[in-house]
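S.K.: This is what each chain is made of:
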Amino acid sequence: MKLPRLRLIDQLTLWFLLVTALVLLVGGVIVFHVVQREIIREDARRLQDTVELLARNLREGTETGQLDGYQVNIQELDPAAREIPMHVKDTVAWFPPHQHYERELRAVASYKINDRHYQIAASNLVPEQDEIADGVVQSLGWTFALLLVLVGLLSRFLSWRMLAPFNRTLQAVKSFSLTRQSPLRLSPTRTSEFRLLNQFLEKMSRKAVADYRSLKEFTENASHELQTPLAVIRGKLELLMETEISDRQASLILAAHEAVERLSKTNQALTLLTRMENQEYKPTGPVNLSKLLHHALRAYHELFLMKRIGLETEIEEEAEVRLNAALADILLHNLISNAIRHNNQGGRVKVALTSARLLIQNTGRPPQLQPEQLFQRFKKDNQSADSIGLGLAIVKQICDLNGFGVSYRHREGWHRLEVLFDAPSRKMPEAAV
Amino acid sequence: MGTMKVLIIEDNRELAQNIKDFLLREGYLCELCFSFEEAEDKLVSYSYDCIVLDIMLPDGNGLNLLRQIRSEKNESSVLIISAKNALDDKVKGLDLGADDYITKPFHLPELHSRLKAIYRRKFLRADSTITFQEISVDAAAVEARVNGTLLDLTRKEFDLLLYFLISKNRVLSRQSIAEHLWGDYTDSLDNFDFVYQHVKNLRKKITSSGGKDYIGTVYGLGYKFDTGR
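Taken in sequence, the protein lines are chains B and G. Residue numbering for the first sequence is 1 to 433, as defined by full-length UniProt numbering. Residue numbering for the second sequence is 1 to 229, as defined by full-length UniProt numbering.
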């Protein structure tokens, strides 16, 4: 079972009321017993006093005055009988006005006065248990109701007041972004817990920003440091090409030159992947993908002609997608060049674009890899020299980064690469607060 | 075009030397400096037509140097060198008044052609025509003529011809040509067939208009516009 999400203050209030209810319940029982005991004790004492007063009057022969509405009863007993000591009985008696039995307290004692033996009894109706209970329940019920209202109102007010710094912190954390590279600035608070929390968060964000910055710098420096020696090697080889060389030397230079090319391209692709992982390519707003696609296809026009590849397009005009413009360009170029590279001479390519999806299909040899492996880094279908095996990994990364779905299928001789621009499963969940 | 004076600011000595060696053959006057400080001194004392500036210097950011150059009303053209993918640097550099931008690792002929292009744009606006024997190319109008007859060239073929003319007697590798024509998107292409096709077409068009076939293959490394043919 899933419990509903409650705000902290509601939870506290609920717990508080639960405990209060328990305490009131136990308290009610105690109050009930104490009240009852006190009533009975007091009544018993008064009844005993009355009995004693009557006995004294009898002894002194004075007239018995008003007796506070107690029922008194004096009767003579056998003078030989033993005196009955004072005792109080808790009993029931017939109550004629109400035609039923009522609880009655009765003090009885006997006295031997002037050779006569009198039994004196005084009795009084006492409140029934359920009457006391009623009273207790009612008063505590009202107390509870009052508490409920007061706590309910006060807790909301207090939480609004006391949790204000916490809510401000929450807002600040929510809008914190590493790529903006500015640590959290939280407003001061007098609550020590929140102050601790804020200090901790500020420290953590500063550290995160510093780490991010150094990682970014490291990536850029590493890329630069690799590219400089590569540029040196390439330059030396180019200078060497212009000297007097033999065919044998030329082929050595050529091989070295090609290896350097590959190395530098791999380095560039890895740098791109790292920078994407660092979230450096924010969507720049809606990009007109149709325009970019037309442009990219034009750029590859000559290559299509050269490989005699037939191109069929079905492009919806003005299809817009939220994506970084540079990434959109890379995505399209990688997909198109992929469709050309893994194609046969005289093969075909079909490109279809709507604002919901991009589908690129091409003919070519059936794949030797599992479809999911195609998107992994350095997985190549054929270890051909002209591919570094990062093109589709980059495509996948771009799609992941922007919440697009990308899939590959091979069906009826066609390689189908499909990009879905709003794949529902990839939507980022909103942070619940 | 007079002798071009070039200042190369690059902390990697070998790379700086590569650039210098390459440009010396064009008859340029080249000076090298390897640090921010050294560059500042040089810039105060001398003036240059072109400055090749690496953004990442050990003792300072090249962009600051660029800012300095521009604030001093220094008219030199500036070509920035930077690591690939550093998009911010590119945008900032061009905003600060750099004339062009090239990423490492670059091809030396590419660097040279960029320098030439900047120089042409900046100092020789009136005459953007490059002539060699019967061939003349107007970079601004995008027109190429052989013996006065207009050649019917595609944009790529035109760029290729210009690249050859700027790099006369140089070996241009196929990668270098592909990158020159295609920019960033050569990584995924079969460069060789592509370049071969374009060179073939260009040669055919020049010879069929009565021009000499100056372009030849060199070992298998690439192509060369050979003035001695």
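Hints were generated in silico from the structure; no laboratory data involved. Any given hint might turn out to be false.
[To be verified] Derived SDA-like pairs (lysine to any residue); straight-line CA-CA distance at most 25 Å: (1) Lys200(G) - Ile309(B); (2) Lys265(B) - Asp159(G); (3) Lys350(B) - Met306(B); (4) Lys156(G) - Ile309(B); (5) Lys307(B) - Glu38(G); (6) Lys200(G) - Phe304(B); (7) Lys156(G) - Gly310(B); (8) Lys73(G) - Arg25(G); (9) Lys156(G) - Gln345(B); (10) Lys90(G) - Val146(G); (11) Lys236(B) - Lys5(G); (12) Lys291(B) - Ser177(B); (13) Lys5(G) - Glu26(G); (14) Lys282(B) - Leu96(G); (15) Lys396(B) - Gly183(G); (16) Lys236(B) - Lys205(G); (17) Lys90(G) - Leu292(B); (18) Lys92(G) - Lys236(B); (19) Lys265(B) - Trp182(G); (20) Lys90(G) - His301(B); (21) Lys200(G) - Asp247(B); (22) Lys92(G) - Ala222(B); (23) Lys90(G) - Ala299(B); (24) Lys20(G) - Ala250(B); (25) Lys205(G) - His301(B); (26) Lys291(B) - Glu317(B); (27) Lys379(B) - Lys291(B); (28) Lys350(B) - Trp182(G); (29) Lys200(G) - Gln345(B); (30) Lys350(B) - Asp193(G); (31) Lys265(B) - Leu181(G); (32) Lys379(B) - Gly413(B).
S.K.: Could you run down the list of hints and mark each one as holding or not?
M.R.: Structure-based check of all given hints:
no., hint, in the structure
1, Lys200(G) - Ile309(B), "holds, 20 Å"
2, Lys265(B) - Asp159(G), "holds, 24 Å"
3, Lys350(B) - Met306(B), "holds, 17 Å"
4, Lys156(G) - Ile309(B), "holds, 20 Å"
5, Lys307(B) - Glu38(G), "violated, 52 Å"
6, Lys200(G) - Phe304(B), "holds, 17 Å"
7, Lys156(G) - Gly310(B), "holds, 22 Å"
8, Lys73(G) - Arg25(G), "violated, 30 Å"
9, Lys156(G) - Gln345(B), "holds, 23 Å"
10, Lys90(G) - Val146(G), "violated, 38 Å"
11, Lys236(B) - Lys5(G), "holds, 22 Å"
12, Lys291(B) - Ser177(B), "violated, 31 Å"
13, Lys5(G) - Glu26(G), "holds, 11 Å"
14, Lys282(B) - Leu96(G), "holds, 24 Å"
15, Lys396(B) - Gly183(G), "holds, 23 Å"
16, Lys236(B) - Lys205(G), "violated, 33 Å"
17, Lys90(G) - Leu292(B), "holds, 21 Å"
18, Lys92(G) - Lys236(B), "violated, 30 Å"
19, Lys265(B) - Trp182(G), "holds, 15 Å"
20, Lys90(G) - His301(B), "violated, 28 Å"
21, Lys200(G) - Asp247(B), "holds, 22 Å"
22, Lys92(G) - Ala222(B), "holds, 21 Å"
23, Lys90(G) - Ala299(B), "holds, 23 Å"
24, Lys20(G) - Ala250(B), "holds, 23 Å"
25, Lys205(G) - His301(B), "holds, 20 Å"
26, Lys291(B) - Glu317(B), "holds, 8 Å"
27, Lys379(B) - Lys291(B), "violated, 31 Å"
28, Lys350(B) - Trp182(G), "holds, 23 Å"
29, Lys200(G) - Gln345(B), "holds, 20 Å"
30, Lys350(B) - Asp193(G), "holds, 23 Å"
31, Lys265(B) - Leu181(G), "holds, 17 Å"
32, Lys379(B) - Gly413(B), "holds, 21 Å"
This entry does not satisfy hints 5, 8, 10, 12, 16, 18, 20, 27, going by the numbered hints stated previously.
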